Each structure stands twice: as C-alpha cells, then as structure tokens.
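Student: Read off the chains here:
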Amino acid sequence: MEETKGYLMLSTGDILEGVWLGKTTESDGEMVFNTAMTGYQEVMTDPSYAGQIVTMTYPLIGNYGFNAQDKESHTPFIHGLVISTPCETPAHYQATQTLQDIADAYNFPILAQVDTRRLTKIIRQHGDVYGKMTKTPGAVPDKAKVSEKIVEKVSVKQEQFHQAEGPPAAHVAIIDYGYKHSIRDMLLENNCDVTIFPFDTTLEELQKAKVDGVLLSNGPGDPKSLAYLAEEIKRIADFYPTLGICLGHQLLALAFGGNTMRLPYGHRGSNHPVQHLPSGKVSITSQNHGYVVDEASISQSLWNILYSNVNDGSVEGLQHCSKPIMSVQFHPEAHPGPSDTYDVFEQFLNSVRNRGVTAYA
Amino acid sequence: MPKQPHIKKVLVIGSGPIVIGQAAEFDYAGTQACLALKEEGVEVILVNNNPATIMTDQAFADQVYLEPLTCESLTNIIEKERPDGLLPTLGGQTGLNLAVSLDQAGVLEKYDVTLLGTPLDAIQRGEDRELFKQMMQDINEPVPESLPITSIQEAKAFAEKTGFPIIIRPAYTLGGAGGGIANDLPELLRYVKSGIQASPINQVLIEQSVKGWKEIEYEVMRDANDTCIIVCNMENIDPVGIHTGDSIVVAPSQTLTDRQYQMLRTVSCKVIRELGVVGGCNIQFALNPHSDEYVIIEVNPRVSRSSALASKATGYPIARIAAKLALGYHLHEVPNPITGDTFASFEPAIDYVAVKIPRWPFDKFTQADRLLGTQMKATGEVMALSRNLPAGLHKAIRSLEIGLEEFRLPSAEALSDIELEQGLKAADDRRLFLLAEALRRGITIETIHEWTEITTFFLHEMKRIIDVEQELKDGGWQPDEMLVRKAKTLGFSNVALASVLDQPLAAVEGLIKELGTKPSYKMVDTCAAEFSAQTPYFYSSWQEEDEVDPLPAAGKKVVVLGSGPIRIGQGVEFDFCSVQSALSLREQGIRSIVINNNPETVSTDFNTADHLYFEPLTKEDVLHIIEKEQADEVLVQFGGQTAINLAADLAEAGVTIAGTSTASIDRVENREAFYDLLHSLNIPHIPGATVMDTASLKDEARRIGYPILIRPSYVIGGQGMVILHSEDELESYLEGLQHQIQTSHLFPLLLDKYVPGMEVEVDVVCDGADILIPGIYEHIEPAGIHSGDSTAIFPAPSLSQSETDRIVSYASRISDALQMKGIMNIQFVFSKDRGILYVLEVNPRASRTVPISSKVTGIPLVDLATRIQMGAALQQLGYPLGLQKEIPFFAVKLPVFSTTKLAGVDPLLGPDMQSTGEAIGLGKTVPEALNKAFGWKEKTLRTLTDDAQILLDAEASDLIQLEALLGQLQAKAVLTEETAALLPDADGYQVISYEEAIDMVEDQKMTAVCSTRKGRQGIRESAWKTETPCMTSLPTMQSYLMASKEMLADSLSISEYLDQAEKEHVR
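Top line first, the protein sequences correspond to chains A and B.
For the first sequence, the UniProt record's numbering assigns the number 1 to the initial residue and increments by one for each residue that follows.
For the second sequence, the UniProt record's numbering assigns the number 1 to the initial residue and increments by one for each residue that follows.
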C-alpha cells in the first residue's frame, strides 16, 4: 500500500513528519503524551482526551488489536493519535479490529512513524503545546484554548439507566463529564444500579431519580470552565455520599472553595505512585490529568488530604472531615493501568450503602 | 521507616563460580548490593570464591573472603567477623541454599545474625515445589499439577487426571536427559520408562504441561511497608516449553491487552505479598493464548538472571534497591538514581523494546544435544535496545558474536523442507534463523505458527525484515534511498545490506555515507521522557532525533570495548578487566565510554563509565559511536577476544588503538609470523606447519613426529582441536571430518608437535621498555588440556631459579620486540625433561588469570596497563619492575564445569575448553589451597574414610603416573580391566569391567573416579549424575587426594593474606 505522508505542526514551531492513517484530512488539538505501555485502546476511547492529540510514548502500538471489551466510550473523542510503529497484523484472541480499521471508522487521524520520544520531550519542555495534524504542511498553529464547551460535547444528553444483574445493593448516579465505561462497569459489578446523568444535572433531578450516592466522573478540559456548576455540585455533595474522580475531584475542590491550576505537562500514564497519607501505603495508579487541585487553597478544617503524589507532592485525593465525600485525582477504575486502589470504590460504596440503610430504616 | 540502626556489619554471600543457570548476573547484583550497603555506612563482609568477579575486588567490600561456599567455611567466617546481618538473596541459588543451611545448623541464632530482606520461610515456600503448590492453592492461584513417581502405573493415573501434554523430568540426569514432553499415552509411557531408567534413583517428576502457552514474567519489588511495584514485565517469543533462560525474550510484553497485563500484575503482587518478600522477586506465568486463563509456573524470591535483564532493560537498579529495602528502607524513601528527584516506588515506563537472545555453547560442545527444553543450556545472553522489534532482533543477533551480522544462517539454506519443518517444531539454538529461512521460502505465517506456536505478532515482525530484504533485492543496485533508510531503521547492518544486495561491503559503506545517514542515540531514563534525566545510558536508533550530547571535547575521551556475552572461554573475568579499565580512566581524569551488550554485567551498569552505549560490538556499531563521541582512543585489551578482534578493523578505519600496535597484535596472532618472531628472538617454539592437502599433512606429521596437535582453521576461535598419536588416528580423524564438511573447506590445517610437558603461564604488564610480572602460574594438568580447564597454582611451586629466569627473560624479549604496551599473557610448556622451554602462545591482551593475579598480589594490573596505554611509563607507577617477589601463600585456580546441564557432552578434558567458571582456593601451603579449591562447595571434596574406594580407568600413556598414584594411595583402588592390563602386576586390586564400573558408580559405591580413557564417557557420565567427584587426568586426581587429606584451614580475608605478604616482604 502506498504510504501517505503527514505532518504534525506544533505551536512551538517544530514540524514532525510521519505516515498518515485514516480518512480525516486535518485535525488540531492540545498535545499530550501518555506513558502507559499497554492500553492504547482505553486511552483512545477515554473521553477525558476529548479535543486532544495524544501521543503514546511506547513505540509499538496496535500489537493486540482492538476488541469489543476495552472501549471506554461509544466513540473516540480524541482529535488525533501520534505513534511510532503501527502494527497492521495484530495477534490476540479478542482482537476484532486493527489500527487502520479504527482510523478508517472514526473521525480522527493517526500519524505513524513519528519520533514520539522527541515529541514527548517537546511537550515536556514547553508544557502548553498545540498541534495541528495535516497532510499539507503550512504555517504552524497558534496556541488555542480548548473549547469551553468540551464537556457538554462528550456528556450524555439524557439520563441512561443501567441495571445491575442481581438484586441491586444501591443506586448510584454518575454525573457524566466524560465518564469512562469502566467506572460504570465497576459499579455494576458491585451490584449497583447505575444512572448516567448529564453534566449539568441538579440535586432535585437526582433526588427525583432516587439515587443513593453520586459519582462525579472524569472528563476533559479545564475544571474552571465548569465553575458555573460549583454551587450545584456543592449542594449535591452536601446531600449525597459523593466520590469524585479526576475532573470530578477537581470540581469538588472548586465547589468547596478550593482552587485548581494547570500542571506543566500533566500526569498521563499507568505508573504514578501515590501515598495514602493516613496509612503511609504507596500504590501505583493510572492517571490522566492536566490540572491539579492547589493544596494551599484547600480548607484544612473541612478537608483532609487523603493521597499525595510521591514524585511531585501534588494533591491526589481529598476526604471531607465530617461528610461522606471523597475524591481522587487518579483513576481507581484502572483501564488502562493497575487496580491497586480499588478500595476507593469499596469505601465509597460502603458510605452509599450505609446511607441506604439509614434512609430506608 | 529509616534503616535498621543496629545493623552495622553485613555478610553478603556471592554465587560462586559461573555455571549454566548462574552467571555474571550475580556479580552485577552483588556488586550493586555491596555498594548500596556501603553507601549506608554499613561494613560489608563478602564471601565469594569466584575470583573473576568484580564484587570480590577490595574496593567493593570492607573484607573480601575468597573462601569456600560451604556451611563449615561460612560458619568460621561468621564466628570470626560477627556480622549483625546476613543478606542471602543476591547470591543466586547458592546464596539462598547457604542461608538455609546456616539457619538450620543454628549458626545464625548462635551468633545472633539477623537475616535481612526476604524471610527464610518465604524463601523456602518459594523454592520448595510442594510448599509453593500448597500456598498457591491456599490463595486460590493456579499452578500446574505435578508428581514425583517411580512407576508407569502412577504416570497413567496422573495422565487420566490432568490430560496431555505432560512433561517428564528424570531426577538427577545430565541436562534432563531421558525426559521430554509427551502428547499422548504411548509417548508418556515411553518417556517415563526411559526416564526411570536414566535416573540413578529411578524417579521422574511428571508435570501437567502448558506447552505452547505464552510465557510471561514479572519482576516485582516489595518493601516492608507492603508497597509492591512491577519493575518490568517480559514476554518470551518462544512459548512455554523452552526454559526461559533459553528463550528469546522481549520487554515489555507485546501481545497482552492492558486487561491481561494488569490481571497478571495483580496476581504478581498478591503472590509476593503472600510470600512476604522484602526485595526483588521474579514470577513466571503461562497464559493461554486463546483465553485469559493462566497458571503460575515458578517464583524466584530473590534477584535472578531476569532481574538483571529487567534492570538493564529499564534502568531500574533492582539489586541496589533490594539491598536498601533489606536495611529497612521503603520504596518511596529511596530516590530513583536515574532521575534523581523521583522515587523508587514507581513503575518504569520504557519507550523502546528490549530483546534478549541467549548465547549457547554448542560451538564448543559439538557433541552436545542442542535441542532446547526444560533444562537451560545457555551460558550467557545479549540484550539489544531499539525503537522497533526488527532492529532489536538485528542488534541482538550481531551482539551474539556467532559470525552473523544478518538475520540469516547460511547453513539453514541447505535444509530440505522436511528438515526445516522438523527444526522449527523441535527447537534448538538455530530456530530463530530457521524462522527466517521458512519466511524466505514463503511458508505462511499461519503454518509457521502451527509448527512453533510462536505468537503471529512476532512472526509478522520477523517478516518485516524478510520483506524489506526482498524489496532490496528486487530493486537491485543502486537501491531507492527511502528503502535503504527503512532498512537501516529496521536494523540492517552494512554487512547485511552488502549480502542482500550482493555488493562488496565497501560499496554499501560508501552508499550509506553518501546518503548522510547515521544512527541517532536515545537515552534510557526509566520514565519514557516524562521527567528530565541525566543518565549516561544510551542506545541507537535510525531516522530519529539524536538527543545525546557527546562528552565534552576538553580532555581525552577513551572507549573501552567490553566482551559481549558470557560463553565458554570468555567469562566474567573480562568484565572485571573492562570495568577496572573504565575505573582507572576515571581516576586518571580521562573520560570513559563503555560499549557492551551483556545485560548481566557490571560494565553495563550506567555508573561504570561516563557514557555507556548498549550496542553490538561490531566494526560498524563501534565506529558510529566513536564518530559520535569524537573519541580519541580505543582500549582493546580488556574485553577478551571480542575486543582485540576489532582492533585491526578499527585501526584500518583510522581509529587510534591505545597501547600495543595492531601490527604487533597481528604478529602474535598470525602463526607464521609468530613463529618467525620467536625464531628471531631465539625462543624455542613447538615445531609446526600449515598444510593445504592430505598428502602434505601426512608428510609433515611424520617429519614433526607423533603425537601431533591439529587445529582446523575453518572453525572460528580454534575449537575442534585434537591430539593424535599415530597415522591411523590421523586417518580416522580426517575421515570423520570429511563427513562433516567438504574437503575443500578442510584446509588449511594447522599442525603442531604435541609436547605433553608441564605448562606455565604469566600475565605481563609492559610498556615496551620494562615489564612487570605478578607471578607465575603452574598448571597441574599437562599441556594438551586447555589452559582454561587446567588447575593452576600461583605462585608456581616447582620452578627452579633458572627456569623462572628463563620465563622472565622470554617475556621481556617478546615485550621488547613487539613494543607491547599494556598487558599480555604468555603460555609456556616445558619439554618432558624440562630442558627446553617452549612458548606456546602470546595473547596480546588481558587474560583469564588477570583478576586472580591482581587480587592475590594486590597489584592492580588492569589499572597499570591502562595507565601505560594512556602514556605512563611502568617505571613511574610505583611498583618494582620484573618478576614480583613471591607471595607467601598459594592460590589454586580450579575449573568448574556445567556438565550436569548438557546431555551428550563427554567431560574428558582436552585442547577444547569446557569449563564455564572457576573457583579459587587460598592457603599457606599448597595442600591447604588445594583443599579450599576442591572443596569449593558442599560435597565436592570427600574425605577418604576406611571404606573409601577410588575407581581408576587409565590410558597407556598414564602408566608412570598411575604407578606413582597407586604407590601412595591410602584408599582402596578399583581398576577397570583395561587399566589393570597396563600394570605389570595388578594383583591385590579389584578389577572390574566397563559395564560393572558404570553400575558401581551409579550405585554410588565410589568415593571418587579418575577416568582418562577415550570412549569411556559412560563412567564419567555416571559419576556426574551421582555427583561422584570425577577427574579426567591422573595429576588432577593426585591433587584431589592431597586436598582430601587436608583439614579446612582458617578463613582469612584477602587483605589478611596481603598483610601477611607485606610483613614477609618487610622482613
């Protein structure tokens, strides 16, 4: 097959050349890198990457193909994928599609045969990098802001109910800022009925649906672009046992008067160590975030820092001093990545079930 | 938690001599651990009787004991040194076993020694198959069923329960001989029957087989805080069925989904937590390729070969961190030495592929069974780092030094399709190349997968090489520029391109230069560039950004060439030399660049040199690095034959070779020139000739006189040497050869008179004007047995002053004539009457004995040689010139063999080297030193009790020594019929047939065996099977008997020996 050349034009002025896969002719977005060595399918389908061009630092991508099980959303929201060596002939018993199939089927391009280590270093050194993928090189793009409406774009438009297989232990609401399917699946596996709610759902709507607990999901973009939801989120958390994951964690912090800031180049990978401060235990976590909660902005009378990052000391989790509200910056649902922090769910579900008991007693 | 404050002195047990399955990786682990402990202010007491290791250099421990690795010897050392702690998990199986023995003997309790790191019961639960099985059942983790059996009925019952395939492993057979994998009942019964027969205790272990499943390994670390991390996972290209040490392995795994990766990761953490490991641990899984079903094959609750590989593949120093954890640190408290500002409690992310290929000894052991299975046969391994898999395969193949620089084995082209299919189904060391051949023949990937069960992903990656090769061929000369660039990206060497394009190498080199393409270098940083790192650890890629800054131009930059994979004849001793040389450069303020590809070694630790390049040691790869770094000079004398062999090519390309000129190197390596040189220096050499046909061979043999030593020149490295005693023997030898190769390839043959006298050798530091000789080695075995297989005593106990003078004078003459600068090794042989001293060979480089000479004299030979090569004069270096004063104690170097691992190999020693490692024994007298050498581990040295019986099976040429031995023997001698027939009077001796001899040895009736007769492999094999000490020359036997009469002398550290020498010299 004849190879088509493609280019990645960066706001830093760098131009990287590669081989173009897919039908889309052009795309742009914020540049991010992910260091996970497995799990490219999960990364590509994680809505938190909406609007971003992702590069995988591991050079061989597509080796085990794509399967029906490991999708994190119904469709990829990424704006592009930049990789080193694509595998056209995957080998795995579950594989149903190849990288080329994916590029053909969805509306984003893949640029292969790129020096992804060089690209990663550019992103690390400059932090805020914007990229444009094109078949015809032109002017390098300006830095552009990620759309303020990005969450609105990836969130469900109406409630979606998912029933647990057995008799339900509780009914959990996921507020969808761009949720990953494995968060939902984790709850279903724990015998919870799950309803996915749009990102701007109100407390009253949740109450109407008779949920027992609320999970504020992960999602793309700057949490401050959703600052207008802060008040409502506080009302929800004050009322329900609440778990925030990633963007959900940042939104909780904002809701309770905290502040968030941009990390120089984000945490994206499956190998990030966090320490659970009460016990001193260290776990390896899956992470995907470009913003972080500012520790100094957290009211110590309201919140305990629950987890902190071993490498840069940043806030990785919060626990409310008196209410069943907890949030984590990392992804306890894994996919991709280790499931060392699965107990975050257990803790959340305990408080949900306890509430259920008190409510119905 | 901070470290345990009461631990101030720690005993570290090394892994001893190198054998198959326990190689240089433990020198690397031990060296790292010693340094990590010293960094914490802990006093380190090291015991290891492998004198070739880096860890036993005095710089790495406070006290180094080159003492036997037995419970008795360690007890003495513990009693004397009173360590607070013992770190057993870094010395391989040897270290673990000793820790267990010491614990069971109550020694640890008696002397209040705390066992550091993984607790003993965890070790035992990991190592003991039954305990492990039970524990896994308790935590609900699947392991393969297995059962030790002694009858066919038991096998049938087992098969009914588990189904097929089933692995059969006979107990105590050489290299697992008699075992195999059965796919149905008739096969099972056949194997069990033969296995029971082959086993001296008539027992076989049968095990449910998951042959064909993916073999996946995880390297796990755990601390006392219960933090578990995965350093690296690995996927074997060869599926389950071939020992992981004999498998081609890639890191990280390539064909596991994240779900599967995490599933096995979670299990790994669960198992290591259940075991309670503190430190490093290796877990091997088999994963069903058609589902997520898995079983745990094995757990090693200690650092291992795989952890050395994982350390080098990721940059994460497992042994170093494990030592810190053993002192009580937690992973999140230990800084990651690569980034400096992150911590050890993270999982490395890598942005390249690591490919490991084992190095097998079948070039030396031509009779050995080459089939690969559950018994590991490789002596060493190479690793390649690359940005794509084909490039990794290419680089690893080049690193192997098996005469191939491309993904092609010429001899595979001659195989018929049937032979090819068979070779793919039953793998031996050549299978990788048979895969290439099959792909070239157009056999489909599906078919190859069916035959080999290798995951198609890997086969497709291999096919990418073959496809580009075909495109290149189709394009003809001059090929498309983009295609050539693509080929370089996939790792094609210039030699490979020349072969594919059928062009001279120079033409391809010209083409590449014209295109202006060259490799770029990337850094190994444990974090896929997520954090900034300053690690001086690099590998090459093509068509990418070069991120490596060469070392600063100010001051000298010097390359040290390493020695590649561990193999017979080139062991860890050359890593010692390379590392010492790099350290010497550092001390001199000269910037050092090390190039090597052996993941087991200290030289490939990124702390050893200013810049480390993990690359193949070929002309092309090395030249690229020299050009990149603008290096001033190259040191070729410390990386064994690998490095010295590169000298001529590098010099021709305009590189400055430090020290001895390439012309001088050539004069000692080219035999004609060498004999001319000796002649002109008035130094006797053995009469010899080079012959081109059979007629002149016979003529020359007659002229020189039998016995003769023949060296075929068609084999690389001079293997295949034989000693022939008559023209009859010569004729049958030639006939045998003609079956193997075409007559036209037979010649030239090198022919020498065989002089069976006493052999001596010296290491010589020289600067062209002066020489320094640390001492003289005297071999116990006569010439004709490879010097690497000889037991040698230092200093030589039986030389007269005039003999010594002659040795020194010859060495001096050779050094002067060749203007030798650096180091060399000279081997001599005395004629039978000791009237003539012949020079056998001169090696213009550091030799196998250099580490020993250095350690027992305290003279840093490699440092001196490096300084000379950097321009210093020997006179200025602070040591007396000439032969050094004799040390007032003796060192015995004893060869150690891996015979038990290799089926089909006759352990009878000859001119081809067989040993894989060596042990040292030190003593105030020769018998004391012999005692410690022969008693290097448990049960190798037996005391002669009243009912002791010695089996003697001798050749006619042994007669004089046989009579001498019988005269002194204090045990009952049992003679084979042929041996008795040699004696004028064999009355009073028990005389038995060959078959009876085999039976008696198998029944363990013999205390020791001396079997020197050709064609009597059976006796020797039986001895090895039953661990009966087996000598293959009478002088060795005599030394053994001398050793066995001696008691284990006091344990002295090497510095105590040297202090003694100091006092002696002052007096």
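Because the hints were derived from the structure by calculation, they are not lab data.
Please read all numbers here as calculations on a predicted model, not as lab measurements.
Please note that the accuracy of each hint is not assured.
[To be verified] Some chain B residues near chain A, calculated using beta-carbon distances under 7 Å:
#1 258
#2 349
#3 457
#4 661
#5 1026
#6 1063
[Said to hold, decoys possible] Taking lysine to any residue pairs in the SDA-like style, the calculated list, with each CA pair at most 20 Å apart, reads:
#7 B:556 with B:872
#8 A:121 with B:542
#9 B:211 with A:93
#10 A:121 with B:536
#11 B:364 with B:872
#12 A:121 with B:550
#13 A:121 with B:342
Here a beta-carbon is modelled for each residue, glycine too, at the ideal position from N, C-alpha and C.
Student: May I ask which of the numbered hints given earlier this structure violates, with the numbers listed in increasing order?
Tutor: The structure breaks hints 4, 5, 6 and 11; every other hint is satisfied.
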